[in-house]
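Go ahead and model the full structure; you've got the sequences and the hints to work with.
2 protein chains.
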Amino acid sequence: MYSELNPTQRILMGPGPSDVAPTVLRSMATPLLGHLDPQFLGVMNDVMDMLRQVFQTENQLTIPMSGTGSAGMETVFVNLIEPGDKVVVGVKGLFGQRMVDVAKRCGAEVITVEAPWGRAIEPSQVKAALQQHPGVKLVALVHAETSTGVLQPLAEISQIVHEHEALLVVDAVTSLAGIEVGIDKIGIDACYSGTQKCLSAPPGLAPVTFNQKAAAVIANRKQLVQSWYLDLSMIQNYWGNERLYHHTAPITMNYALRETLRLILAEGLENVYARHWTLGGALQKGLEGMGLKLLVDKDIRLPELTAVTIPDYVDDATVRKQLLAQYGIEIGGGLGAFKGKVWRVGLMGYSCNQRNVVLFLSALESVLKTNGYQAPVGAGVAAAMENLQK
Amino acid sequence: MYSELNPTQRILMGPGPSDVAPTVLRSMATPLLGHLDPQFLGVMNDVMDMLRQVFQTENQLTIPMSGTGSAGMETVFVNLIEPGDKVVVGVKGLFGQRMVDVAKRCGAEVITVEAPWGRAIEPSQVKAALQQHPGVKLVALVHAETSTGVLQPLAEISQIVHEHEALLVVDAVTSLAGIEVGIDKIGIDACYSGTQKCLSAPPGLAPVTFNQKAAAVIANRKQLVQSWYLDLSMIQNYWGNERLYHHTAPITMNYALRETLRLILAEGLENVYARHWTLGGALQKGLEGMGLKLLVDKDIRLPELTAVTIPDYVDDATVRKQLLAQYGIEIGGGLGAFKGKVWRVGLMGYSCNQRNVVLFLSALESVLKTNGYQAPVGAGVAAAMENLQK
Numbered sequence: 610m611y612s613e614l615n616p617t618q619r620i621l622m623g624p625g626p627s628d629v630a631p632t633v634l635r636s637m638a639t640p641l642l643g644h645l646d647p648q649f650l651g652v653m654n655d656v657m658d659m660l661r662q663v664f665q666t667e668n669q670l671t672i673p674m675s676g677t678g679s680a681g682m683e684t685v686f687v688n689l690i691e692p693g694d695k696v697v698v699g700v701k702g703l704f705g706q707r708m709v710d711v712a713k714r715c716g717a718e719v720i721t722v723e724a725p726w727g728r729a730i731e732p733s734q735v736k737a738a739l740q741q742h743p744g745v746k747l748v749a750l751v752h753a754e755t756s757t758g759v760l761q762p763l764a765e766i767s768q769i770v771h772e773h774e775a776l777l778v779v780d781a782v783t784s785l786a787g788i789e790v791g792i793d794k795i796g797i798d799a800c801y802s803g804t805q806k807c808l809s810a811p812p813g814l815a816p817v818t819f820n821q822k823a824a825a826v827i828a829n830r831k832q833l834v835q836s837w838y839l840d841l842s843m844i845q846n847y848w849g850n851e852r853l854y855h856h857t858a859p860i861t862m863n864y865a866l867r868e869t870l871r872l873i874l875a876e877g878l879e880n881v882y883a884r885h886w887t888l889g890g891a892l893q894k895g896l897e898g899m900g901l902k903l904l905v906d907k908d909i910r911l912p913e914l915t916a917v918t919i920p921d922y923v924d925d926a927t928v929r930k931q932l933l934a935q936y937g938i939e940i941g942g943g944l945g946a947f948k949g950k951v952w953r954v955g956l957m958g959y960s961c962n963q964r965n966v967v968l969f970l971s972a973l974e975s976v977l978k979t980n981g982y983q984a985p986v987g988a989g990v991a992a993a994m995e996n997l998q999k
Numbered sequence: 610m611y612s613e614l615n616p617t618q619r620i621l622m623g624p625g626p627s628d629v630a631p632t633v634l635r636s637m638a639t640p641l642l643g644h645l646d647p648q649f650l651g652v653m654n655d656v657m658d659m660l661r662q663v664f665q666t667e668n669q670l671t672i673p674m675s676g677t678g679s680a681g682m683e684t685v686f687v688n689l690i691e692p693g694d695k696v697v698v699g700v701k702g703l704f705g706q707r708m709v710d711v712a713k714r715c716g717a718e719v720i721t722v723e724a725p726w727g728r729a730i731e732p733s734q735v736k737a738a739l740q741q742h743p744g745v746k747l748v749a750l751v752h753a754e755t756s757t758g759v760l761q762p763l764a765e766i767s768q769i770v771h772e773h774e775a776l777l778v779v780d781a782v783t784s785l786a787g788i789e790v791g792i793d794k795i796g797i798d799a800c801y802s803g804t805q806k807c808l809s810a811p812p813g814l815a816p817v818t819f820n821q822k823a824a825a826v827i828a829n830r831k832q833l834v835q836s837w838y839l840d841l842s843m844i845q846n847y848w849g850n851e852r853l854y855h856h857t858a859p860i861t862m863n864y865a866l867r868e869t870l871r872l873i874l875a876e877g878l879e880n881v882y883a884r885h886w887t888l889g890g891a892l893q894k895g896l897e898g899m900g901l902k903l904l905v906d907k908d909i910r911l912p913e914l915t916a917v918t919i920p921d922y923v924d925d926a927t928v929r930k931q932l933l934a935q936y937g938i939e940i941g942g943g944l945g946a947f948k949g950k951v952w953r954v955g956l957m958g959y960s961c962n963q964r965n966v967v968l969f970l971s972a973l974e975s976v977l978k979t980n981g982y983q984a985p986v987g988a989g990v991a992a993a994m995e996n997l998q999k
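Listed in order, the protein sequences are those of chains A and B. When we follow our numbering, the leftmost residue of the first sequence carries the number 610, and every step to the right adds one. When we follow our numbering, the leftmost residue of the second sequence carries the number 610, and every step to the right adds one.
Please keep in mind that the hints were generated in silico from the structure rather than gathered at the bench. Any given hint could turn out to be false.
Just so you know, same-sequence chains aren't split out, so a pair can sit in one copy or run between any two.
Straight line, CA to CA, 27 angstroms or less: simulated BS3-like cross-link-like pairs of lysine-lysine [to be verified]: (1) 746 / 794; (2) 907 / 950; (3) 695 / 831; (4) 902 / 950; (5) 902 / 978.
Put into structure tokens, the structure is as follows:
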């Protein structure tokens with residue numbers, strides 16, 4: 610009645626998931642170990658150790674939560690917040706809004722600091738909020754806003770947050786292993802990510818990291834964490850030396866995470882970052898070479914996710930459908946106010962390679978042509994290549 | 610620095626995860642589709658349709674949640690309970706205790722109905738609790754208690770619960786696709802399971818099902834669900850016709866679930882149940898043939914999970930280590946008060962085959978012999994075979 614799974618091969622250039630390397634795919638066909646098997650405990654150690662390297666941190670409490678990136682967000686908020694706590698959230702896109710929603714469900718008094726979608730939060734805004742609202746427990750910001758492609762600068766804000774004795778919480782779902790997050794260098798107190806973006810494993814795990822200050826906040830809570838499933842006071846005893854059973858860890862997803870971390874570290878973090886910057890920059894030059902406008906200013910533009918303004922008279926969905934049907938290329942549409950206004954083009958992890966840049970620019974040129982937008986022939990690829998040969 | 614993953618091949622006969630069939634393992638090496646790809650929406654439809662068949666329900670709201678079985682438990686409680694609601698929970702093992710913990714974190718007033726570990730809850734207990742505490746919103750029971758191997762009869766309790774106009778919530782983590790759950794037949798209003806037991810996919814998804822009455826309770830909530838990640842009022846719009854983005858579904862885990870459901874339905878549910886009953890019964894006869902005592906009385910004993918009393922003077926951990934080292938066989942230890950007192954032997958899903966029954970009984974005999982317990986030579990296998998040839 611149901612046939613064997615045989616989906617069309619895609620090239621994933623949307624806002625995530627990204628393509629997964631063959632050895633990572635293959636690792637998931639490995640027969641299962643039990644979640645308390647000594648060999649699986651070894652896999653867990655490898656994963657924690659390699660996650661620390663990729664987060665660039667010494668934090669002991671660095672583990673993959675058993676859910677997708679949004680479960681990572683919820684993990685940080687449910688564990689750090691108690692009802693009545695004051696929290697400052699930077700909102701400049703959908704994922705900042707989601708933070709507000711999650712924090713409110715934890716009973717937080719949320720103070721928002723806003724920037725228009727496509728812009729970053731200014732340090733002065735955070736400073737003003739902290740001055741107006743004494744006793745703020747944490748400030749939360751999205752490092753790489755997936756709804757717009759904005760890179761949020763963090764260093765100056767980190768200093769302000771710590772001067773006010775608050776914790777800095779960062780959403781690194783779309784930045785980790787694409788651009789430098791630098792937990793210890795920046796002084797980020799708690800951070801979460803997801804596996805399906807620049808880490809290039811399938812969605813299903815959410816790496817989180819907490820420094821000692823944040824871990825102490827959890828240890829000194831007055832109330833139980835409202836989520837049993839995400840309660841780090843118990844989960845850290847499974848990932849720690851005690852190896853106490855909490856829930857059955859997603860064995861296969863941890864195999865995939867281990868393998869993709871291994872590939873990332875073998876390439877070298879600096880090389881991984883350089884690849885994203887170089888190829889993301891080339892893609893952006895190529896899009897501009899085709900006469901298209903980019904949403905975000907160059908100084909705060911992410912390399913791994915580019916929002917392109919859809920030309921007038923061009924239909925969003927038609928173009929995306931044709932790219933998918935004719936080339937197997939997936940890109941993302943806009944979210945919220947940007948629905949129908951922008952495309953979101955990802956170059957993340959394993960998807961971030963020169964072949965994809967050149968193929969995508971050519972494919973987009975051909976598809977746009979049949980949709981009433983005529984880019985100068987070959988201009989996109991030419992501009993991208995020029996950037997690459999610099 | 611880190612080598613490729615190459616774990617020793619195990620035979621998983623613990624309380625889960627169970628072994629995963631080769632085609633299910635292979636399905637996870639399939640390149641990813643995006644979570645909004647039309648072809649992935651097809652995979653989602655297949656999964657929902659097949660889950661309904663395995664749950665034996667017509668419930669529209671039947672989906673896999675993006676977490677392990679415990680996330681399924683939390684999903685049911687956070688969505689159905691609002692602070693102050695009265696909830697009756699049957700506690701006869703660890704997973705009943707966990708329900709109490711989760712329900713309390715949702716602000717419920719929890720009334721427990723208890724049976725000693727190894728026994729089932731009596732219908733009269735539930736009736737008495739409902740009579741003593743008017744206005745109970747739901748009664749929650751574990752169908753197959755993984756900490757003891759007890760099968761909780763549900764039909765009579767279902768009638769009592771509904772006479773008192775409460776909802777019946779059932780934990781089917783270790784029963785679904787092993788023994789009949791029969792959502793619609795029994796009148797279960799909400800139910801959750803996990804993929805890593807009799808469904809024989811890796812841990813990582815939690816199938817849940819809610820009937821219209823339970824769905825209406827969610828729709829008529831006064832307060833927001835405390836968990837954003839598990840909020841069905843939003844998630845059902847992703848799995849429903851709207852296909853609205855909520856979080857990025859674990860693509861690969863859904864591939865695995867689709868494939869294992871396909872195998873189960875191809876075998877036929879009745880055949881799957883018969884296989885578990887026949888082979889579980891044979892294993893139990895075999896263990897008794899070796900002179901070992903089973904924890905649970907025959908009338909409420911699960912076929913897919915058997916708790917065996919550890920003979921005096923035999924060391925729990927030594928035996929399990931030797932089974933693992935010499936035979937690659939994993940079984941589970943006891944939990945809570947049963948730690949060091951019982952072994953838990955699983956025969957779930959793909960692990961439930963005659964080869965494993967015979968191998969395990971022989972392996973256990975040989976290991977016990979070196980640990981000071983001398984079973985009559987070959988008596989375990991002989992007793993099991995006798996049962997099989999009936």
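Intra- versus inter-subunit Cα pairing at 27 angstroms for residue 695 with residue 831: This pair counts as both: shortest intra-copy Cα distance 16 angstroms, inter-copy 24 angstroms.
Within, between, both or neither, where residue 907 and residue 950 count as close if Cα-Cα is 27 angstroms or less: Answer is within: at 19 angstroms inside a copy they meet the 27 angstroms cutoff, but 65 angstroms across does not.
Status of residue 794 relative to residue 746 across identical chains (alpha carbons, at most 27 angstroms): within (21 angstroms within a copy, 51 angstroms between copies)
27 angstroms Cα threshold - placement of residue 950 relative to residue 902: within (11 angstroms within a copy, 69 angstroms between copies)
Homo-oligomer pair classification [residue 978, residue 902; C-alpha up to 27 angstroms]: For residue 902 and residue 978, the Cα distance is within 27 angstroms only inside one copy (17 angstroms; across copies 76 angstroms).
Every hint, counting from the list given before, is met by this structure.
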